[in-house]
Structure formats: structure tokens, C-alpha cells
Amino acid sequence: MMPKTDIVVRMAGTAGEGALLMGDILGQALAKLGWDLLLYFSFEAEVRGEKPSFSQIRVSQSPPHSQGEAVDILLGLNRNALELNIPYLATDGFAIYDGRPMDIFRGEELYEPPLPEGVRRSSVPLEVISQRDLGFPAAKNIIALGALCKFLGVPPDIMKYLLEGRFSKKGESVVSTNLKAFDIGHDHIFGFAPPFSLGKKGDPKLFVSGNRASAIGAMAGGCGFFAGYPITPATEVMEYLAKDLPGLGGTVIQAEDEISALGMVLGASFAGKRAMTATSGPGLSLMSEMLGLSWVAEVPAIVLDVQRGGPSTGLPTRPEQSDLDLALHGGHGDVGRIVLAPTNVEECFHAVRSSFGLAEKYQMPVLVLTDQYIGYRRESLDSLKAEEAVQDGRLKPSVQELINYKRYQVTENGISPLSVPGEEGGFFVATGLEHTEEGLPNYDAEIHRAMSAKRFRKLDSARAEKWFSRFGASDAEVGVLAWGSVVGAAMEAVEMACTEGIKVAGFYTVFMSPLPDEEMRGFIGSVRRIIIPELNHTGQFARLVRERFLVEPVSLALTLGGPITAGRILEAIRGGSI
Amino acid sequence: MTKTILDYRAGKPIWCSYCGNYSLLTALYMALASLGVEPKDLVVVSGIGCSSRMPGFIKNYGFHSVHGRALPIATGVKEANPALTVLTVSGDGDGLGIGGGHLLHAIRRNADITYVLVDNGLYGMTKGQPSPTTPFGVSSATTPYGNPDMPVNPVVMALALGAGFVARGYTGNIEKLQGMLKDAISHKGFSLVHALAPCPTFNLRETYKYYMSKVAELPEGHNPEDMAAAMTLAIDSGSMYTGVFYTEERRTYESLLDEARRKAGHKDIPAIIEGLR
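So the protein lines, in turn, are chains A and B. In this text, residue positions in the first sequence follow the numbering used here: the first is 4, and each later residue adds one. In this text, residue positions in the second sequence follow the numbering used here: the first is 17, and each later residue adds one.
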């Protein structure tokens with residue numbers, strides 16, 4: 004058969020069996036071979052448990068925007084994991100599983116999975132090889148990886164090189180057992196030509212997750228101080244920064260809770276450092292009061308929220324876009340903030356990097372909203388441009404302004420000169436109380452009105468910073484408005500619909516606050532129907548669009564506990580076409 | 017340059033007449049002047065409450081933050097710029113109630129911050145409800161049938177948590193209080209000064225008159241390096257001892273973060289990115 008150029012491989016197992024490790028190593032190999040790929044992990048909050056987890060790689064010749072549709076190759080590390088994933092198999096897909104029982108010689112029957120007709124199958128005795136031949140039950144996933152690589156036509160050398168690197172810390176015998184396991188698995192598939200051929204395609208690519216890209220974006224944005232508290236799925240960001248930021252002269256502190264984390268960030272920022280924290284929904288809830296302080300005292304701060312399913316403890320390891328309301332409006336009183344929602348791994352890097360410049364320039368909190376899907380997923384990228392100089396610093400008071408310094412001077416664009424401790428003459432007290440231009444507490448209505456207006460003028464000024472994109476047909480009748488991690492699937496859905504002859508276009512903005520009003524109004528006005536796909540129950544973005552643009556969009560609000568597929572959006576487009 | 021208390025005065029305090037905060041503020045001015053701290057290098061962080069308005073009355077870069085969170089903010093300031101002198105002023109409600117959890121961790125970290133815990137025995141700004149230092153059984157508007165909670169002793173707490181400098185002062189004795197504040201600011205690492213500050217408006221129990229008979233100097237010859245002796249004196253319910261209970265030099269958080277930077281070695285961003293290829 005002709006080699007496919009767009010393949011979806013799903014590796015499923017039970018927590019602890021190593022299905023995620025398989026995906027990670029295979030993904031890394033494919034990136035090194037120069038393939039465009041997207042690797043997605045689905046797992047449970049418990050470190051060990053009965054629930055299946057999986058990693059899924061979509062590999063193609065052009066960058067995939069989503070995790071893909073039907074699974075072309077399904078590998079089950081155990082029967083339950085296999086069977087639960089059979090419904091996702093393509094009708095002409097492959098299934099790899101362990102069909103051989105341990106006690107075949109005592110009459111135990113071969114396992115025949117309930118696969119639909121047309122699905123090709125291959126059984127690899129993972130249990131028998133790992134337990135009897137190797138005496139190393141943990142090697143099951145590596146045997147499977149060997150078999151899978153034969154199927155995919157991935158050169159074994161690169162896999163073995165990566166396995167060595169991965170296991171070298173555990174000692175030589177672990178390395179050699181795993182290499183052996185890989186070979187056995189690889190040799191077990193024979194008698195037919197590998198259906199795929201994923202050999203070297205080009206120059207090695209970067210293999211980066213959204214969380215890692217966010218951490219690197221922070222460093223590239225000049226982050227000098229990070230404080231955080233461990234929380235799934237954001238912890239990785241702190242881990243990466245803990246390792247690298249001190250080597251760049253920065254500081255990383257693990258705080259006692261999220262309130263303290265943002266408190267430290269505000270303190271460090273007040274003292275002149277570019278400062279950031281990263282968290283997920285429950286942490287963002289705790290930070291609400293501090294975000295209000297950041298807004299009123301006008302102390303720059305970056306908060307990265309890697310969203311997970313909510314409310315409360317919710318679904319800690321699953322993606323959701325249900326923190327939008329909290330991010331935009333959370334907190335008491337009239338609060339504003341800049342909110343960015345990157346849509347893929349590379350944009351995580353750029354969004355976090357530029358958030359520092361924005362926070363410094365507009366002296367307010369900047370929230371970056373990603374989610375478990377883009378935070379954990381890995382993509383292969385050609386490069387991340389970190390060379391650009393850090394720009395847009397704080398507006399510093401001039402020598403003239405330091406005479407009778409007014410920290411909160413009312414200005415046309417709302418931005419006031421900001422002094423830093425250690426600077427002669429720039430004395431002021433940052434306070435969450437309403438205050439005069441000098442920063443003195445004052446509760447007069449006129450002052451409160453003027454200061455509220457000044458603060459919101461900054462947000463209006465920030466509207467000039469734009470980051471949006473329109474895609475699809477130019478004469479569209481149906482419009483898809485997407486945000487964050489849903490955008491990739493929306494782009495693919497729009498493309499598929501256009502191929503079907505439907506006049507459809509899409510629009511997304513990375514700036515969720517302030518919104519590019521003019522451009523969005525233009526887009527909404529240019530189509531007859533607006534569809535808003537998003538991962539939450541109440542249609543938070545749809546509500547925002549309805550309120551702000553006085554339109555009635557079709558809300559495709561889904562709580563999937565996982566990413567949306569392009570197919571699901573395509574259905575809505577078909578239904579919504581005129 | 018020699019400093020006087022005039023170098024630190026700013027604003028106009030808004031406290032009630034005879035509030036203990038006035039004497040504390042004076043003692044702070046005196047301590048800062050005698051140490052010659054440059055106002056531009058001074059950051060006073062506070063939470064919410066009567067005493068937390070103090071940053072506004074000191075010439076400094078002040079941060080009057082949110083209720084209970086002065087210590088995290090002070091930690092951020094200090095670690096961002098260790099050259100600054102960082103003070104935290106926080107009341108008993110602010111620092112032991114809503115923000116009580118942060119004290120444990122601030123002590124564990126041992127950042128070079130001086131924490132002045134201003135104790136008036138109640139929530140003054142909201143008009144006299146019981147705070148974590150209010151005695152058991154006291155009636156108030158929110159505890160009309162008696163306060164059901166046991167009070168905490170901040171000195172015992174700080175000693176038990178391992179603070180490297182623990183002292184108690186009384187605003188009725190400015191001279192002694194300023195000396196203690198001076199020692200606390202000079203101490204390398206986290207220092208806690210429990211400042212007894214009567215609230216003449218709402219606290220009719222721990223009055224100046226009450227403290228006149230209750231407050232006592234630490235016994236002469238008390239060895240501030242003797243933890244057991246410090247603890248024994250701190251739990252004494254007969255007298256409210258004032259003085260430096262305990263001192264111990266421990267590694268500061270700043271030095272440990274410096275060490276982390278050294279251990280990390282020099283990194284550069286392009287190399288970190290290329291490492292992912």
C-alpha cells in the first residue's frame with residue numbers, strides 16, 4: 004500500500020504501564036527524524052490506578068493542528084485498555100495487542116479482541132516475553148515499542164539511542180534489558196513489509212510541550228523571579244524554571260500556597276523584577292484577591308493558568324476552557340486585566356514571552372490561559388526565536404517627575420511613571436486602598452471615579468496590541484469563532500468544510516482581553532451565522548460574544564474531558580450552513 | 017550620613033489618641049535612624065488593619081497590601097533585591113489570623129526580614145472582635161457568650177517554629193523597644209518582634225495599666241542562645257516578659273538562593289532551546 008502521510012497512533016495502557024513514556028520516546032524519535040507531529044497525553048490524576056491512560060501521536064508531512072480523528076494504529080498494553088479504545092479505530096486500522104495467555108500450555112485460550120471487520124491485527128506476547136524471557140515485567144511497553152516501530156518503519160537505531168539516554172540513570176542492566184526488550188519486540192513483527200515508512204524526513208526538529216514552551220517563553224521574556232505552588236497540570240512550568248532560571252541569574256521559590264505565590268510575585272515586581280507565577284483553576288481562584296491588588300496598586304504580574312476541568316477540584320488531568328470567566332472578570336470590584344490565550348505550543352512561547360512586556364508597559368496583571376491539552380502536548384517545531392531583545396519596559400519617572408512624584412498620575416493613556424525601591428525621590432506606598440495620584444488613601448467619589456477610569460484607560464490603550472487571525476473562505480456565510488486550544492481543530496474543520504464546498508471562515512484572537520472589537524465585529528458582520536466551539540459547559544466565550552457584540556451565536560459548548568476533534572466542529576458547520 | 021527620626025517621618029498618622037502604634041512608630045524611627053538605613057533602600061510591607069497603615073507614615077517604598085499577606089510580599093521584595101532593608105508590620109489578626117499560615121513558612125525560609133507583630137489583642141479596625149491573641153472566654157459583639165477559642169502566644173510559636181531571632185517589646189517602653197527593633201533589623205535572617213500595643217478604644221482588658229503590672233524584663237543573665245530557657249520564660253503566664261528571648265544565626269534564604277544560582281551554572285536560552293532538538 005501507499006505510505007500514508009497522516010497517521011494517528013494511539014498507545015493505551017493502565018496508569019503505571021508506561022503508555023505515556025512510549026509516546027514520549029516515539030515522539031522524540033520522530034521529531035529527530037524531521038517529521039511534523041503532535042503528541043497528546045490522556046491520563047488520570049492518580050499516579051497508579053485501574054483507569055487506562057494513553058498517548059497519541061499524529062504524524063504527518065505538514066504540521067498537524069489537532070490530535071487527529073480516527074486512530075490508524077491502536078496498541079493496547081492490556082486487554083481492557085485495548086477494548087476501551089476500539090471504538091476510536093479507523094475502519095481500515097491496525098490493532099496491536101497481547102493475545103497470548105501466560106498458560107497457553109495448560110489449555111488457556113488465545114485472546115481474540117472484538118475488533119471490527121477490516122481492522123488488521125497483530126498479536127505480540129508482551130506478558131510472556133517480559134515475564135518469562137526477560138524476567139522484567141516493566142519492559143512490556145518497550146517490547147511493544149519495538150513492535151510498533153517495526154510497523155511504522157522507524158529506524159531502530161534512533162530508538163535505541165533514545166532508550167539508552169532515558170534509562171542510563173537507572174544503571175547498565177536496566178539499559179541493556181530495555182534494549183533487548185526493544186529488539187525482541189521489533190523482531191517479533193515479520194513476514195510482511197512494514198505498512199508505514201517513517202524514516203528520516205529532514206533536519207531534526209525541536210520536540211517541545213506547551214508547558215516547556217511557556218517556561219522558555221518566560222525566560223525569553225526576561226523573567227527574573229518565579230514563585231509557584233505545585234498543581235496539575237501546571238507544575239511542569241515551575242520544574243523547568245527551577246532547573247534553568249537560576250542559571251540565568253533568576254530566582255525560583257516554591258511558595259506555601261497560591262496566594263503566597265502571587266504575593267511573592269507582586270513583591271518581586273514592586274522591587275523591579277519581571278515576575279511570574281503559574282497555576283491551574285483552583286490556584287487561580289485563590290489568587291483572585293491578589294489579582295485585584297495587582298490591578299489597583301498597578302503592580303505588573305504574570306499569571307499562567309494551565310486550565311483543567313472544574314469547578315472545585317474537578318478533573319485535574321483533563322483539559323477544559325472553563326476558567327475564562329474567572330480570568331476575565333474574577334475578583335471583587337471593577338477589575339480588569341490583559342488575558343492571552345495561545346492556541347498551540349509555539350504560541351505558548353510567544354504569548355508568555357510577550358506577556359512580560361505587556362505587564363511592564365501597562366502595569367497590570369497579565370493572564371495567559373492555556374490548558375492541559377496544549378500544556379502537555381508535544382509538537383515538533385523548527386525553532387523558537389528567543390533572540391529578540393526584551394522590550395517595552397516600565398515607564399520610568401523623569402528627573403522632573405521625581406520632584407513631587409505622583410506615582411498614580413492621571414494620564415491620557417492611563418499609564419503613570421513607576422519608580423523602583425532604591426531610587427532616590429521616588430517614594431510611594433503601593434496600596435489596595437483607593438488613592439490619590441500621590442498614592443495616598445482617599446475615598447472621595449471624584450477620586451474613585453478618576454482612578455477607576457484611569458485604570459481602565461490602560462486596558463483601552465492595550466487594545467492597540469493585536470494578535471488575531473482569520474482563516475478559510477473569503478466569501479464565508481458561516482463563521483467559526485474559536486479560542487485557545489480549540490483553534491487547531493477549528494482550523495482543520497474549516498479547511499475540511501471548504502473542501503466540501505461550504506462557505507465558511509474562522510477567526511481567533513489570542514487577546515481575550517482586551518478583545519480586538521473592530522476586527523471581531525467585522526468578522527461577525529461578514530457572515531450569517533457564528534459558531535463558537537469551546538470546552539466548557541456554559542459557553543463562556545459565546546456568552547461574552549453575545550454580550551459584547553449583541554449577536555446570537557450557536558454555542559458548541561462541550562465538556563469532553565479531552566480535546567475536541569475537527570470532525571465534531573465540522574458537523575456543527577454542516578448543520579449551520581445555509 | 018547621620019540620620020535623625022525626622023528623616024523617616026511621612027504623612028499624618030490616623031490612629032486614635034494613645035494608640036500603641038504611635039510609640040511603635042517612634043521606636044521604629046529611632047531604630048532606623050540609629051542604624052542609618054537609607055529611606056530609599058527601605059521597604060515596609062504591611063497587611064490590613066490599624067497597624068498596617070504604618071508604611072504610609074514612614075519615608076520609604078511602602079507596600080500596604082491585602083489582609084494577611086504581608087509576609088509573602090515582603091519575601092518577594094527581599095529576594096528580588098536583597099540589598100533592600102525589608103520590614104513587615106502586621107497586626108495580631110492580620111498576622112496570626114487570616115495570614116497565620118504564612119508565618120510558619122516565613123520562619124522556615126529565614127529570609128532577612130524583620131517582622132513586627134503588633135498585638136493589640138483584638139480586631140481594632142472592625143471595632144473590637146476577638147483576635148487570635150484574645151483570651152479565652154472574653155465576651156464581644158461576635159462572641160456574646162464568651163470567646164470559645166484559646167489564644168496563641170506568638171513568642172512561643174516563633175520559638176517552636178525555629179525562628180532565629182525572637183523578641184517581645186512593649187510600646188509603653190519606647191527606649192527598650194527601639195533597641196530591640198534595632199537588633200532585629202541588624203539580625204541576619206528572619207526576626208520577629210512581638211510588640212504589645214494597647215488599643216485604648218476597644219481593648220479594656222490589656223490596658224496600659226494592666227501591662228504596668230504584667231510586663232517584666234527578662235531575668236538578668238538570660239542567655240539568648242539557650243532555647244530551653246527562652247521557652248520556659250515565654251510560657252510563663254505570671255509575667256509578660258520583654259526582651260530578646262532567643263537568637264541563632266542560620267543561613268539566610270538569600271544565601272541559599274545564591275547558592276542555587278551557583279550550582280545551576282551559567283545557562284543561555286538558545287542552548288536550552290537547542291537541547292530540545
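Derived from the structure by calculation, the hints contain no laboratory data. Please read these numbers as outputs of a predicted model, since none were measured by experiment. Don't take every hint at face value.
Footprint (simulated), chain B over chain A, 3 or more residues, beta carbon under 8 Å [unchecked claim]: (1) 163-170; (2) 555-566.
Mimicking PhoX-like on lysine-lysine, the simulated pairs with C-alpha atoms at most 25 Å apart in a straight line are [claimed, not checked]: (3) Lys35/A with Lys56/B; (4) Lys203/A with Lys399/A; (5) Lys75/B with Lys204/B; (6) Lys192/B with Lys172/A; (7) Lys192/B with Lys204/B; (8) Lys225/B with Lys388/A; (9) Lys399/A with Lys56/B; (10) Lys399/A with Lys173/A; (11) Lys409/A with Lys469/A; (12) Lys173/A with Lys279/B; (13) Lys246/A with Lys183/A; (14) Lys28/B with Lys409/A; (15) Lys506/A with Lys457/A; (16) Lys35/A with Lys204/A; (17) Lys28/B with Lys279/B; (18) Lys399/A with Lys409/A; (19) Lys388/A with Lys204/A; (20) Lys172/A with Lys183/A; (21) Lys388/A with Lys457/A; (22) Lys409/A with Lys56/B; (23) Lys19/B with Lys204/B; (24) Lys283/B with Lys172/A; (25) Lys399/A with Lys19/B; (26) Lys143/B with Lys28/B; (27) Lys204/A with Lys246/A; (28) Lys35/A with Lys457/A; (29) Lys143/B with Lys192/B; (30) Lys409/A with Lys75/B; (31) Lys388/A with Lys399/A; (32) Lys204/B with Lys230/B; (33) Lys28/B with Lys246/A; (34) Lys56/B with Lys198/B; (35) Lys469/A with Lys457/A; (36) Lys246/A with Lys457/A; (37) Lys246/A with Lys56/B.
Backbone N, C-alpha and C define an ideal beta-carbon position, used for all residues, glycine too.
Each hint, compared with the structure:
no., hint, in the structure
1, 163-170, "violated (count 0)"
2, 555-566, "violated (count 0)"
3, Lys35/A with Lys56/B, "violated, 53 Å"
4, Lys203/A with Lys399/A, "violated, 53 Å"
5, Lys75/B with Lys204/B, "holds, 23 Å"
6, Lys192/B with Lys172/A, "violated, 59 Å"
7, Lys192/B with Lys204/B, "holds, 20 Å"
8, Lys225/B with Lys388/A, "violated, 69 Å"
9, Lys399/A with Lys56/B, "holds, 16 Å"
10, Lys399/A with Lys173/A, "violated, 53 Å"
11, Lys409/A with Lys469/A, "violated, 30 Å"
12, Lys173/A with Lys279/B, "holds, 23 Å"
13, Lys246/A with Lys183/A, "violated, 33 Å"
14, Lys28/B with Lys409/A, "holds, 18 Å"
15, Lys506/A with Lys457/A, "violated, 43 Å"
16, Lys35/A with Lys204/A, "holds, 9 Å"
17, Lys28/B with Lys279/B, "violated, 48 Å"
18, Lys399/A with Lys409/A, "holds, 12 Å"
19, Lys388/A with Lys204/A, "holds, 23 Å"
20, Lys172/A with Lys183/A, "holds, 17 Å"
21, Lys388/A with Lys457/A, "violated, 35 Å"
22, Lys409/A with Lys56/B, "holds, 16 Å"
23, Lys19/B with Lys204/B, "holds, 22 Å"
24, Lys283/B with Lys172/A, "holds, 23 Å"
25, Lys399/A with Lys19/B, "violated, 28 Å"
26, Lys143/B with Lys28/B, "holds, 22 Å"
27, Lys204/A with Lys246/A, "violated, 32 Å"
28, Lys35/A with Lys457/A, "violated, 51 Å"
29, Lys143/B with Lys192/B, "violated, 29 Å"
30, Lys409/A with Lys75/B, "holds, 15 Å"
31, Lys388/A with Lys399/A, "violated, 28 Å"
32, Lys204/B with Lys230/B, "violated, 31 Å"
33, Lys28/B with Lys246/A, "violated, 47 Å"
34, Lys56/B with Lys198/B, "holds, 18 Å"
35, Lys469/A with Lys457/A, "holds, 21 Å"
36, Lys246/A with Lys457/A, "violated, 40 Å"
37, Lys246/A with Lys56/B, "violated, 33 Å"
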